[in-house]
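This is what each chain is made of:
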Amino acid sequence: MTSKPISTIMLTAALSLAGGSLAAEELTLLVGSNPDSIAIAEALTAAYSERNPDVTFEIETRPGGSEGDNIVKTRLATGEMTDIFLYNSGSLLQALRPARTLVPLDNIPNRRNILDSFMRTVSDDAGSIYGVPVETAMAGGILYHVPTYRQLGLEVPQTWAAFMANNARIAELTDKAPVIQTYRDTWTSQLFVLSDYFNVQAEEPDFDTRYTNNEAKYASTPAALKGFERLQQAFEAGYFNADFGAADYNDGLRMVATGEGVHYPMLTFAVAGIQQNHPDELDDVGFFAQPGDSTDVNGLTVWMPSAYYVAKGGDHVDTAKDFVNFVATVEACEIMTEAVGATGPYLIKGCTLPQSVPAAVADMMPYFAEEGRTAPALEFLSPIKGPALEQITVEVGSGIRGAGSGAELYDRDVEKQARQLGLPNW
Amino acid sequence: MRRQSPYPYWFVLPAAVVFVVLFLVPTGASFWFSLTNWDLFEARFIGLENYRQFLSEPFLLRGLTNTIIFALVTSGAKTVLGLLLAVLLTSGIFAQGFLRSVVFFPVLVSTIGIGLLFAEMMHPTQGVINVALGAVGVGGPGWLTNPALALYSVALVDIWRGVGLATLIYIAGLASISPEYYEAAKIDGATPFQQFRHVTIPLVWPATTTVMILSLIGGLRLFDLIWAMTRGGPGFSSDVLASVIYKQYQAGFYGLSTAGNVILFLLIATIVAPLAYWLNRRALDL
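In order, the protein sequences belong to chains A and B. In terms of the working numbering, the first sequence has 571 at position 418, counting the first letter as 1, and numbering is strictly consecutive. In terms of the working numbering, the second sequence has 1204 at position 117, counting the first letter as 1, and numbering is strictly consecutive.
Because the hints were derived from the structure by calculation, they are not lab data. It cannot be assumed that every hint is accurate.
To be verified - Between beta-carbon pairs, the in silico distance windows are:
(1) Leu1148/B to Glu356/A: 32 to 42 Å
(2) Gly1115/B to Arg526/A: 56 to 66 Å
(3) Ile212/A to Pro1101/B: 36 to 46 Å
(4) Val1105/B to Ala177/A: 50 to 60 Å
(5) Val1108/B to Glu413/A: 48 to 58 Å
(6) Ile212/A to Phe1191/B: 27 to 37 Å
(7) Gly1115/B to Ile212/A: 52 to 62 Å
We put the CB at the ideal spot given by N, CA and C, even for glycine.
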C-alpha cells in the first residue's frame, strides 16, 4: 500500500530536479488585496512569463491602509520582503528609507519612458529612482450626480461660491443630501482639505518647500487654512447626509451613483468602485475639480499612482529589474487597461486611454490637456503628512472643532511627523 | 528559615528559558526602544524625548481620563450586575442551567464580531436600535457618532460582553458558601435582605476581589472593542490610552508607541498593585 505514494513523491522530486536544471526562476510579488491590484499583477506577470517561459511568479497580497504599511516596513526591516512589491509613491515611500532598502532603477533601459512628474515622487535626495508606476494618475475633487444637475439646470461650479450656491439650490428643491460625507471610514473626511491644494499652490507657489522647512503653517497661511474652512462651512450649512457620522465609503459611492446625495468629495479611483458596485449608474456620475475663490484659478489636485519596487537583498534582483522594466512600456499600459480599465492618464510616455471611458474620467481629462491646470497633492511634494489629519477633519466636519483650531492641531501633528522622520529644521 | 524547593534547578530550566526569552528580554528591549527614534530600520537614541512627546499629545489627557472612566464604569457595573445575576441564577429559578449559558454566551463570541455587530445596530438612521425606538416615537441618539455619548455606548457593550464572566466567578463564589451560615442567620430571624447583606456579601468577598481586579485591568487595557466600534472617534472623543498608542504604531512611530506602552504598563501597575494588596488584606481580615 505504501509503495505507491512513495514512488509518486520520487517522481515529483525527479521532475522538479529536471525543472531546476533549466534555470527556472520563481519570483515573488506582493500587492494590495483590492481586486484591481491583484488583476493587474496577474495580467502583467502572465504577459511577462509568456515572453520568458523560465520565469514564473507567485503573487502575495497584503491589506491596505496603515496596517499594510506596517507589513511592508516589517518585511523590509527583517529582510523578508518579496522580490518585487507594490507600494505608494510620495511621502509614504520616503518612510521606507529607499536608499537603504530598495534597488535603484536608474539603469533600466525604459527609465526614459517614465514621465518626470512621476519620477520626482519615487526618487531620493541623491536623485536615484526606485519605482515604476502601476495604473494611472488620479485626481482629488468632487464626484457629482449628473441627472440631478440636469434636472435642476445647474452648471459645474467654477468657484467655491458657485458650489455653495448649487448646494443651496439642491437643499431647497430636493430632499437629496447636497454633500455626502462618510466618517465611518475616517480617511474620506480629508478630501476637502487635500483636494484644495491646487488652490493653495496657485496662491502660495512655494508653500511646499516652506512647509517642509518648518516655515509655513496651515493655521497661519490663509490659503492653506481655506480647506479647513470650506469643510466647516459645508457642515454649518447643514448640507451633509443625515448619517454622515456612521456612513462608510461604500455608502458614499451608492449615494452619489443613485442620487441620494449629489456631491461626494473623493479621489477618482472611486470610479472603479462605482463601476463594480453600480455599473448601471456609472455614467450618472461626473467629476469636477474642487473650485477656489476665482474662476481664473481652477485646476485639479493630482495623486500619483503606486509603483512596483525591487527590494534589496533578494535572490532574483536582475530578473526583478527586467520585469519592472517591462512594466514601464506602452504595452504594459495596454495590458493594465484591458485588465481593469483606466481611470486617468498614465505616467508612461506614449500610453493612451481607450476611446470610451466612464463619464467621470472623461470629465477629468481636459484638465490634463491644458498647461497649468493640474498640481500634485502636497504629499507628493513634501515627505511630511501628519497621521492624525483624518481625525481632525472628522472633528471639523462634525462641528466638534472649528477650522482654525483644527488647522493648528494639524500643524502640531505635522511637527511630530517631521521630528519622527528626523528632518532638519524641526 | 528559607524553605527548600523540592525541585532541582535543571527541572525548572525549560520554564526559565521560556520566561527569559519570551518575557524578560522583550520587556527589557521595549524599555530600550522607548528611548529611541525607531523606524524598524534603525533606532537612534533620543533619551526621554518620546516620553515628552507622548505626554504632550493633545489627546493624551482625554485618552487617559477616558481610560479611567471606562475602567471604573465597566468594572463597577460588572461587579454589581454580576453579583445580582449570580444570586438570581443560584436561587433555583426555572431553566437555571439554560439561563446561565445565556448569560455566559457573549463571553464566547469574538470581541471584534461583537463590536462590528453593535456598530451596525447603533447606526443612527438604519440601526435596529434607533429604528425600534423610532417605531415607538422616540428619536434615538447617535450612539457612536455623538462625541459625548460614544464612549458610554462602547462601555455598555463591554458590560454586556463581560458580565457573563463576572457572573460565573460569583456563582462559584456563592457555591462555596456553606449553607449552615444561612440556616444560622434564619434562626436568628434575619430577613432575606439581611442575609444577603451580612452573609452573602462578606463571604463572597474573594470573588468580588477577583471580579473587580480582572475587570479593572480589562477596562484599562481595552482596545479591540473601541477599535471595532469607533476607532477612538468621532475625532478623538472615545480615544483610550491603548487606541492612542495604536495610532502612533500605525503612523510608524515605533519608538513613540513603545514609550506609550511603558506608560500604560506603569499606569496599570500603580493602580492595580495597591488595589490588589488592599482588597486581599480585607479578605484576610474577615
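Which numbered hints fail: 4, 6 and 7
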